[in-house]
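Colleague: Residue numbers (my numbering), protein chains in the order written: chain A, 1 to 327; chain B, 1 to 330.
Fair warning: there could be bad hints in the mix.
[Unchecked claim] Listed next, the stretches of chain A that the computed footprint assigns to chain B, with coverage defined by at least 3 CB atoms under 8 Å from CB atoms of chain B:
1) 72-84
2) 88-99
3) 206-220
By construction, these hints were calculated from the structure, which means they are not laboratory data.
Quantities reported herein were computed from a predicted structural model and do not represent experimental measurements.
Beta carbons are placed, not taken as given, at the ideal position from N, Cα and C, and that holds for glycine.
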Amino acid sequence: MSKRSKWRVAAALGAALAVASVGIAKADDGEYGVLMKTLANPFWGAMAEGVKAGAEKAGVKYFLQAAESDQASEPQLNLCNTMLQRKPVAMITAAISSTNLLPCLKAAQDAKIKIVDLDNNLDQTVLDNEGIKVTFHIGSDNIAAGAQAADYLAQKLGKDAKGPVLVIEGLSGNITSQKRASGFADRLKEAAPGLEIIGSLPGDWDRGKAASIANDTLTAHPDLAAIFCANDGMALGAVEAVYAAGKGDQVTIIGVDGNSDAVKSIKQGRLNASVAQLPYLVGEQAVENVKKALAGETVPESIAVPTLVVTKDTLEAGTDPLLKYLK
Amino acid sequence: MIADGTQSNPWTRAQRACVESLHIRLESLVVLIGLAAVMTVLSPYFLSLSNLLNILLATSTIGVLAISATFVLGAGGLDLSIGSVMGLAGVVGALVAVNLNWPWPLAVLACLLAGAAAGNINGQLVTRAFVPAFIVTLGMLGLARGLALVISNGRAIYGLPSAMVYIGQGRPFGIPMPVIIFVVTALLAHCVLAYTRFGRHTLALGDSEGAARAAGIRVAHHSRIIYTLSGALAGLAGLLFTARVNAGDPTAGLNYELTAITAAIIGGTNLFGGRASILGTIIGALIMGVLQNGLTLMAVQSYYQQMAIGAVLILAVFIDQYQVRRESRV
Chain A
1 MSKRSKWRVA AALGAALAVA SVGIAKADDG EYGVLMKTLA NPFWGAMAEG VKAGAEKAGV
61 KYFLQAAESD QASEPQLNLC NTMLQRKPVA MITAAISSTN LLPCLKAAQD AKIKIVDLDN
121 NLDQTVLDNE GIKVTFHIGS DNIAAGAQAA DYLAQKLGKD AKGPVLVIEG LSGNITSQKR
181 ASGFADRLKE AAPGLEIIGS LPGDWDRGKA ASIANDTLTA HPDLAAIFCA NDGMALGAVE
241 AVYAAGKGDQ VTIIGVDGNS DAVKSIKQGR LNASVAQLPY LVGEQAVENV KKALAGETVP
301 ESIAVPTLVV TKDTLEAGTD PLLKYLK
Chain B
1 MIADGTQSNP WTRAQRACVE SLHIRLESLV VLIGLAAVMT VLSPYFLSLS NLLNILLATS
61 TIGVLAISAT FVLGAGGLDL SIGSVMGLAG VVGALVAVNL NWPWPLAVLA CLLAGAAAGN
121 INGQLVTRAF VPAFIVTLGM LGLARGLALV ISNGRAIYGL PSAMVYIGQG RPFGIPMPVI
181 IFVVTALLAH CVLAYTRFGR HTLALGDSEG AARAAGIRVA HHSRIIYTLS GALAGLAGLL
241 FTARVNAGDP TAGLNYELTA ITAAIIGGTN LFGGRASILG TIIGALIMGV LQNGLTLMAV
301 QSYYQQMAIG AVLILAVFID QYQVRRESRV
C-alpha cells in the first residue's frame, strides 16, 4: 500500500513535469549553449537579452543556463557538464572563476565543441597550461575604458590643466581593476600631463571605503582636481564624500560600469561621468561571432566590445547610437 | 512491508536492522526510479552512461555533506555550519598545499582536520556549555565562513598540486574520482549507522536522549563524536569541492547545508532524530540530482529547478507524515 502511494507520487510528478515541459523545444542540431554566472543581476540580465537578440538576428537556436549566484562555482560546473550532454555546437561561457569550468571546457574541446569566453573571465596562461583553446574571448576592453575616462577628464579640464588626481581601485590584485586603473593612468600622462596621480588606492569595490579614501585625500590635498574610481559603486561613495566637503564643483568624479544608480546620479549633476559597459552588446556580438566562426570565417581571438562615456550632456542629447544599449 | 518486519521471525537483530534500513531505501527508490523514467521520456539525453555518471558526479559533494547531516539529524542534533565548514576546510587545504607548499597528503589531511576541529568545537559548546545546537552551529556558520575569508584575504587560492586536482577531476577506469570517494564514504557510513553499536546508539540518542542516558549511553560524549564526525565529513566535501574547481574558494559551500539537510529529509531522515538511513539520504540526494539534471537537459531555467526541489521536499515529508499517521491508526 505504501508502495502504491509512492507510485502515485511518481505519477503525479511525471504529470507535473509533462505539463511543465510543454513548449520546451527539443534540442536541435546546431544549438548553442550559453552559460552565465547568474541572472540575478542587471548586468547579466542585459547580457542575456543581448544573447537573445543576437540569436534571433542570426537565426540560431540556443539554450541558456545560469548558476543561482555568481559565487556558486561548483554548481556552475555541474550545469556546464550537464549542458554538454545536449551536444551543443558551441558553449558560450561566463565562468565564475578562472578555473572552475576547466574540466567541463576540456570535455567540450574533446567533443569538438567551440568554446567562447564570455566577458573575459578565463586566464590565457591557465588555458595554455590545460591545453584548452578557446575560439575567442569577448568582453569590454577595460584598458580602453580607463583610457576613455582619462580622455574625458582631459577634455573637460583642458589638456594644460594642473592638479592632483586620485585613483580608487577595486580589490587589490583584481585584474579588471588593474586594467582600468592602468588604462587611465597611461592615457592621462599623454592627454593631460599636468594632472598628476597622487595615489592609486584599493577601495575593495566598497562604497563606504571609497568615501573614506576620498575624504582622507581631500584633507591632504584640498586642491584635488579629479577622482577616477574603478567602478560606479565606489564613484558614488566618492561623490558623497566630496559633496560633504563642499567641493562638488571643484572635483571631477568618474566611475566605470554605467549602472542605473550612476546614471541617476549623473542626471542629477552629481557624478560627472561613468564609462558604461554594454553587456547587451557583448551578448549580441558573442552569438554573431560564434556563427561566423562556425561558418569557417576567421574571428579575432579577442573581441573588445566598445564602452561608452556617459555624461549629463550625452544623456540629454540622446544622440549616441550606443545609448540604446545602456540598461 | 511494515507487517513483514513486525512478524516474529527467527531473525537476528542485525538481519532485521538490515531489512528496516532497506525499507526506507525501497520507498524512496521507487520515487527515484519513477523520476528517472519520467526524465528518460522527456529528454533523449537523459539515459546514457555518461549522463548517469554526470549525475553521480554532480551529487558527490552535496552527497557527502548530506551523509554528515544524516548522522547529526539522526542523533537528534542539527548542524547548520557544514556548508561554511566545508568552505573553511577547502581553503585550509589549499593554503597548506599552495602557500606552505607541503606535500598533498598533508593538505588532504588538513582539510579533514580543519573540518573535524570546527565540528568538535560545535560538539563541545552544545554538550558542555549547553548552548542550543541551532545557535552554536548558526554561530559557527558565520565564524567558519568569516575565518575562511580572512585567511584567504577573500580570494580563491589557485594552483593546487596535480595529485590534489586528480581527486576532483581524475577518472580511473572512466569513473570520476569524486564519485568513487562518495560511494565508498556512503557505504562505510551506511554500515556504521545501520550495523554497528555506534549507529544504534546514535539513533537511540535521537529517539530519546533521556532513554538513551538511562540505557547507559554516554550521551554527551556520543554527541561530541557525532559533531566531530559531521565536521570531518564537511571537510571531505570541502576537499572534493576544492579539487573539482581547482581552487580553495572561501565562498565554497554557500547554502549547501540547507541542500544537504533537504537531501537527508527527502531520503526519510526524521528532522527530530531517531530515524535515519544513509542509503535513504543518498537516494534523496540523487532525487535532487536527477531533478536538476533532467530539468537542465530540458533547458528549464535554474530558478525553476529550485522551485521543483522545494516542492519535492514538502511532498516527501507530506507522504512520510501521511504514512506515519496511517500506520499509527492500524
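Colleague: Against the structure, test the hints numbered earlier, and report the numbers of the ones violated in rising order.
Modeller: 3
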